[in-house]
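J.: Assemble chain B onto chain A, guided by the hints.
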Amino acid sequence: MDFKDYYKILGVEKTATADEIRTAYRRLARKYHPDLSKEPDAQTRMQEINEARDVIGDPEKRSAYDELSSHPHAEHDFRPPPDWNTGYEFSGGDAEEGNYSEFFSNLFGRAGRGHAPGRHMAGEDRHARVQIDLADSYQGATRTITLQQPVIGEQGRVTRQERTLDVRIPKGIREGQHIRLRGQGAPGLGDGPAGDLYLDVQFSPDARYRIEGADVYGTLPVTPWEAALGASITATTPAGTFDVQVPSNSQNGRKLRLRGRGLPSEPPGDFYLVLEVVLPPADSDKTRQLYETMAREMPFNPRQRQGA
Amino acid sequence: MQPTDVLIGRLLDDESLTLDELARACGVKPDWVVEHVQAGLFSDGSVAISAQRFSSVDLRRARRMVHIERGYDAVPELAALVADMLEEMDELRMKVRALDPKK
Chain A
1 MDFKDYYKIL GVEKTATADE IRTAYRRLAR KYHPDLSKEP DAQTRMQEIN
51 EARDVIGDPE KRSAYDELSS HPHAEHDFRP PPDWNTGYEF SGGDAEEGNY
101 SEFFSNLFGR AGRGHAPGRH MAGEDRHARV QIDLADSYQG ATRTITLQQP
151 VIGEQGRVTR QERTLDVRIP KGIREGQHIR LRGQGAPGLG DGPAGDLYLD
201 VQFSPDARYR IEGADVYGTL PVTPWEAALG ASITATTPAG TFDVQVPSNS
251 QNGRKLRLRG RGLPSEPPGD FYLVLEVVLP PADSDKTRQL YETMAREMPF
301 NPRQRQGA
Chain B
1 MQPTDVLIGR LLDDESLTLD ELARACGVKP DWVVEHVQAG LFSDGSVAIS
51 AQRFSSVDLR RARRMVHIER GYDAVPELAA LVADMLEEMD ELRMKVRALD
101 PKK
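Protein chains in written order, with our numbering: chain A, 1 to 308; chain B, 1 to 103.
Just chain A, with the same shape it has in the complex:
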């Protein structure tokens, strides 16, 4: 495994005070906060920063880490010497162990701390994001997700392994809802049960639709005469194809509701077709003539309400 230079990650000197470490952490945590950052690797950087803070922001762990790093060591294929942590007593990390690197888990995780025989403890819950298509919510689907999971070997050494899960996406799920998979989190200690895995569901962006809760909005392009005179139009939605009646004298932006055709949650949402009046281009003599006829024979001023 790679040796982690936690001081470098936080951008502080080895002699940094606790205040300097705190300030450096906050500056970077603001920059890479997953809710705000536009950096593509924000999530990974945030995990590194949290890990570095958890080690060098903790006097006991920092002291042990400093002792370890003061001896010559390999940058890659690093292995801590046996009993390197003799004399130190670490408290357990608060964060989910699944978010820590192999380096951290070996030094300060359960493998590094060891555990008394016969001691049992439930595994920690873990969290992951899963992105689905809108159609998956309409029809239900099975999605494959890959997680990095720390695994403690026979000699207590931690390695990270990829774990693939096929998960059933329930019909009607809304963005931001969680799927709870019992027993799929971190393994327990001794006979302790495994934790749970929570999947935070996000929808893939889809230019055709806008989703608000269980309601879904889509655009229905119409001609000026369909909007003005009314028309029966076939509209395609994720729930299927429907014939809808556009009322006469409809304006751009008018919403037509298809009750119960939104996300099939409980209760089901509605689907809204938002009318978009599309003007034919005046790119031929015939169309220009028709526009000229309208201009001449239709007394219409769309700016009247603005006082024009």
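Treat the hints as calculated values from the structure; they're not laboratory data.
Glycine included, every Cβ here is placed at the ideal spot set by N, Cα and C.
You can trust all of the hints, since none of them are fake.
Derived pair list, reagent style DMTMM-like, types lysine to aspartate or glutamate, alpha-carbon separation capped at 25 Å:
1) K171/A with E91/B
2) K29/B with E60/A
3) K14/A with D73/B
4) K31/A with E69/B
5) K31/A with E91/B
6) K38/A with E91/B
7) K95/B with E276/A
8) K31/A with D73/B
9) K171/A with D5/B
10) K95/B with E266/A
11) K171/A with D13/B
12) K31/A with D84/B
13) K255/A with E91/B
14) K95/B with E212/A
15) K31/A with E87/B
16) K38/A with E88/B
17) K95/B with D35/A
18) K8/A with D73/B
19) K95/B with E175/A
20) K171/A with E15/B
21) K171/A with D90/B
22) K95/B with E39/A
23) K29/B with D191/A
24) K95/B with D200/A
25) K38/A with D90/B
26) K31/A with D90/B
27) K38/A with E69/B
28) K38/A with D84/B
29) K31/A with E88/B
30) K29/B with D200/A
31) K29/B with D54/A
32) K29/B with D58/A
33) K95/B with D215/A
34) K95/B with D270/A
35) K31/A with E77/B
36) K95/B with D206/A
Some, not all, of what chain A presents toward chain B, calculated at C-beta under 8 Å:
37) T142
38) L165
39) V167
40) Q177
T.: Chain B in isolation, oriented as in the chain A frame:
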């Protein structure tokens, strides 16, 4: 486990979390949840603590607040204020995304 096994989870909101389950999912002690509920920081406090159940929205909010409190040594009220703003940002982002799906 064989990768071909399909896991069927429970949808939170069909099956909401108890106070202890919420605490475990956030890596905090149940007291943290009790104190924040009593202070009205992520529920309106109208339901007795023992009967309180927590939804997907509560889980996301609680995890954000834990992160802010730990990362910035923030007092709970400040963490709740930031969580309020992030929730509003979520809504606005959803609307912006509808107008411009590339964002």
